[in-house]
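Chains as they are written, first to last, in the working numbering: chain A, 1 to 539; chain B, 540 to 1221.
Hints are computed from structural coordinates only; laboratory data are not their basis. Any given hint might turn out to be false.
Restraint ranges, calculated between C-beta atoms of paired labels, are given here [stated by the list, open to error]: (1) B:657 with A:389: 39 to 47 Å; (2) B:1165 with A:208: 15 to 23 Å; (3) B:918 with A:86: 35 to 43 Å.
Sample of chain B residues at the chain A side, in silico, Cβ under 8 Å [to be verified]: (4) 669; (5) 736; (6) 968; (7) 1085.
None of the values given here were measured: they were computed from a predicted structure. Where a beta carbon is used, it is the ideal one built from N, C-alpha and C, also for glycine.
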Amino acid sequence: MTGIDAIDRDVFQHEVVSVAEEMSKALCRSAFSAIIWDMIDYACGLLDPDGNTISQAPTIPAQLGIMPTAYRHMLRDIPLSDWHDGDVIVCNDPYYGCTHTPDIVLFSPIFAGGRIVAIASTVAHHIDVGGRVPGSESATALEVFEEGLRLPPLKLIERGQPNQAIYKIFARNVRDPKASIGDLNAQVAACRTGERRLAELVAKYGAEGFAARIKSLHDYSERFVRHALESAAVKHARAEILIEDDASSKAPMRLVATATIDGSDLTIDFSGTSLQRPNGLNCPVASTVSMVHYAVKVMFTPELPQNEGCNRPIKIMVPEGSLLNPREPAAVSVRHLTQQAVADVVLKALTTLSPTTASAGCQISFPTFVIGGFDTRQAVTADGARPPYFVVTDIIGGGMGGSARQDGISGVDTHGGNCALLSAEVMETTGPIRVVSTRLVEGSGGTGKHSGGLGIEREYEMLTSGMVVSGYTQQTQPETAPWGVDGGGAGGLASACIVRRNGLADDLTSKWVAVPLEAGERLRLRAAGGAGWGRPDGD
Amino acid sequence: MITLAADVGGTFTDLVLVDTTSGRVLVDKVPSGARGRAAAIAPGIERLCRAAGHTVSDVGLFVHGFTVPTNAFLMRAGAKVALVTTAGAGDVLEIGNQLRPKTYALIQSKPKPVVERCNVVEVAERVDAFGAIVEPLSQREIQRCINQLRTIEPEAVALSLHFSFLAPAHEEKLASALREALPDIPVYASHVVNPQLEEWPRASTTAMAAYVGPVVARYLDELESTLKGLGFKGTLRLMRSDGGVATPRAARENPGHMLTSGLAGGVIAAVDLCRRLGISEAVTIDVGGTSADFSAITAGEAKTRMSRTLDGQPIRLPTIDVETMSNGGGSIAWVDAGGGLRVGPMSAGAVPGPACYGMGGEEPTVTDAAVVLGWLAAEDYLGGEVQLDADKAAEAIERTIANPLGLGRHEAAFGIIRVANAQLVQSIRTLCVERGLDPRRMTLIPFGGAGPLYAGMIARDLGMRRIVVPRHPGVFAAEGLLAADIRHILQTPFRAPLDRVQPQDIEARLGDLKTRLADELETDGVTPDRRAYRFMADLRYIGQFHEIVMAIPDYLGERYDAAELSAAFHRQHEQSYGHADPAAPVEIVNLRAEAVGRLDTPDLASHAAEATEPCRPPASRMVYFGARGELAQVIARATLASGSRVAGPAILTQKDSTIVLAPGDVAEVRVGGEIVVSGASP
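One chain only, chain A, in its complex shape (with noise of 0.2 Å):
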């Protein structure tokens, strides 16, 4: 080591991840959407020129767990040898490292003395970005190809200069690209923040002393995980979940995962998995690393900031084929359903290895919604102008496991994601629905000596007729509710209806496409209690 301290190093350790939460703050002020602003729907992190994650805003861990993926594959279209200072690279391609298609990942090269030394990342989830349904996500989709808009590595801004085809092509194809245009343009104002504050830092330390530097957080996180795995009591656990199909089967799928520990190598095996549907449930492979390197994060090294070290001493074997590894062209699009059931499933197996740092299954249940349509409310059109286009969506979250040490709390997302609730007073004010009610449900967390937390019920009402709702949701059934621990009870089920006009409530299934609503017709959607954690009379 080049005469980096421990001390230098912690310092820097600061320093970077002071970067990346500036870029993040960049990207969110300036943003566009609802989907980023109010529900903080993005990914803002630093990856040396491998690739490595030198440092995360932590915001989204499904989207930071997958810039390194895609960062190795942006790199077969466009060798390094042609990233120019000022270029930024956009890709959301799912089959190209990516995720699924809204989420449009960028990166910018970082210069120093004309080499390149770090590299700047965004991930927005934009609001729609095209395909066969507003929001561009669909259970029922067969192919990627009905997702959406799919853009292969690209340089979005050539030496500073926007590709105006690429962004004319963009809005073609979006359906609010007002909006859509406006996001992208935040994610570029968070790199170039990114690419001014990590210059500075190079310029501050020389290249060498900058290398070395991250060269030493990796190694010190690298050895906190392997710490960490070598003092687990148990080495080996499999465990194995169910979750609804719905969209082209009844049956369930099945995640299986097997972890072991050798030493301080940790190594989590899929093998077991349903293999791909014809559904919008596949979950591509950077997606499901990404999962496993949250699940491990939040067992054993919590309080850690992420990077590359972390996950140096995991090993994953995904079966190509399978749920977790779709063939091309399955369609991806819901896949955020199946990766919250990665981090579960791991999460399920690594509480027998770790029981002290673990709590019971968390809701997993994502109720979500797309309604797209035209506003004719009479207020909206009262001056003669003409009906505006509205795309309205909301997350609604529910109740995380109890643990040995505590109950869980209520009312959250959970794992990959951390989207916040729309305000019901911004959304009636976007578009012609009104929330008539946004409550915890009593009793949904499982019972335990410490119980889960609540899920969220909300209710919302159709203002103007003609409108068709998309959505889904899982954990409605007893056979994939949250599962408790050491006696304690599974987590309330989550449940979508329609309330019709005279109070009934029909059902929906665990995916619904396209259902048609009118006015006064009402949807409630409810989500997951967390499980509970021991017999709630034992001690």
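Assemble chain B onto chain A, guided by the hints.
Relative to chain A, chain B alone:
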């Protein structure tokens, strides 16, 4: 005239007395006494007046700053509040925005709202997104609500109904019914407290006002009777969170404005300092035992922000833009499982305190590191009132940090300070970048007991070239109270694209706000020649969900000009976020108006600083900046007259603080007694 300021903190109350005729300034520090008791400051006030050769009846103006509402909130010792919401929205505070506090943690807790879930009452009523009533609020519902409140027996009630900021009729009707039925219980309505879109922050702001309202009222009752007992006949003013002051009446009516007033004093003092020294851009940092507060001053003014979060609860009222982090002298250093050095978030607090206090603290703190490095010495810490045990500090650092990491004692101690500073620097950078500021062009103003100790390193890491240490860093916040003016602020929703705004509409709205503000100033007894008004608008690109609060012209006097306003917005957006879209349409979302009633503030710098103590023979000691020690001069600040220069390495001591000068730093004493440190470049 005699002007007095008291800054009541959790442990100590700082007092500053200024005789405006002679220019004499006296300062004192007294224990605050039991939490929330105003009577505790009486002996301190009497003592200081006596020392100045006056009686309390000579005091013309008494400005009072207090952390009572802040602490009541943080300790969760506020009033029992009932919240009334639209049917279906009763869990609004529990659910919040549903974000989990920690992204990477399976075991975690959510901050608790100030209203218990069982103390929420839902009423059937509905207003739509355009202000039209969809479901009227019936007399039966009102009665049911009253009955439920009688069972709950709250000390205060917060009302927050959907879209009440567009159509306040339901909240007004409910509020007047409650006031009639429950005359002893204060009622706070969201359309008055925070008339603005988004139900969670509006309900939270209103509930927070209700939570601290009774606490503030009780405290003011006691304060007024205490002062009366002392023979006080002058004017009493109270610090607000936004850096203005309020009359006792206004503070009782709008207690939400007092919530973070304890943070404002230091920043106002810094603004005053900047004005005197001609500094336009500065970062202030107040380092105490358990926390560090920092803020940015731009164009010579403190930034105001329209919302902040306190322990997870949003409050959308203007506050001086101060960030707080739990990182102070008492923060504990430790080594993690990977061999990384960490500082905090655990703190040794006041008890047992750092290891060097010798009161049973075993863990090394940032203060212990400063002692080991020779930055702090037993003989000059708090004027020698607290005995520091350097051996205990060294032992704690060697045992838990130096030995495990294989470092020398001084390297380890310096490492603790570097890591603690790196955390502060990261936060200050984020503060600056969020506001589009470049710290390298700014001056650092450190205060609080420990601010001047670490300022040199912080400035170096941020690339700042100049530090200005106030004359009395330890009581700086109390001085700030004397520089504040009376302030009132109002807001109103006003949504329209800039190019479709009817000039008469905006004039009418601003005129209405101005009239209401003028009434407030009239009630406060501010004469018209001392009144000033400022107007602001929350502007955004249509389709965007966040606003920039921009100063706008007084359209009562000037013609509304959409093109000009739009151009100004694009410029501000470019400056704040690095890009703008001049072709995109812009809309107004809210209008705001602020009234200032100017007070006679004493000029603390009108008299040159002279050495108040005779020169002593120069002392020196070994001071470390890493492994290498330097023989540094140790100089009592009181022996330095204006114009004196001191080159580092040196330690400047005074009762309430210590300044560390690294090799290469040069300190110069200014006419007002401030010390300017330069050469702190990287």
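Cross-check of the supplied hints:
no., hint, verdict
1, B:657 with A:389: 39 to 47 Å, "holds, 43 Å"
2, B:1165 with A:208: 15 to 23 Å, "holds, 21 Å"
3, B:918 with A:86: 35 to 43 Å, "violated, 58 Å"
4, 669, "holds, 4 Å"
5, 736, "holds, 5 Å"
6, 968, "holds, 5 Å"
7, 1085, "holds, 6 Å"
Going down the numbered hints, you'll see the structure goes against just number 3.
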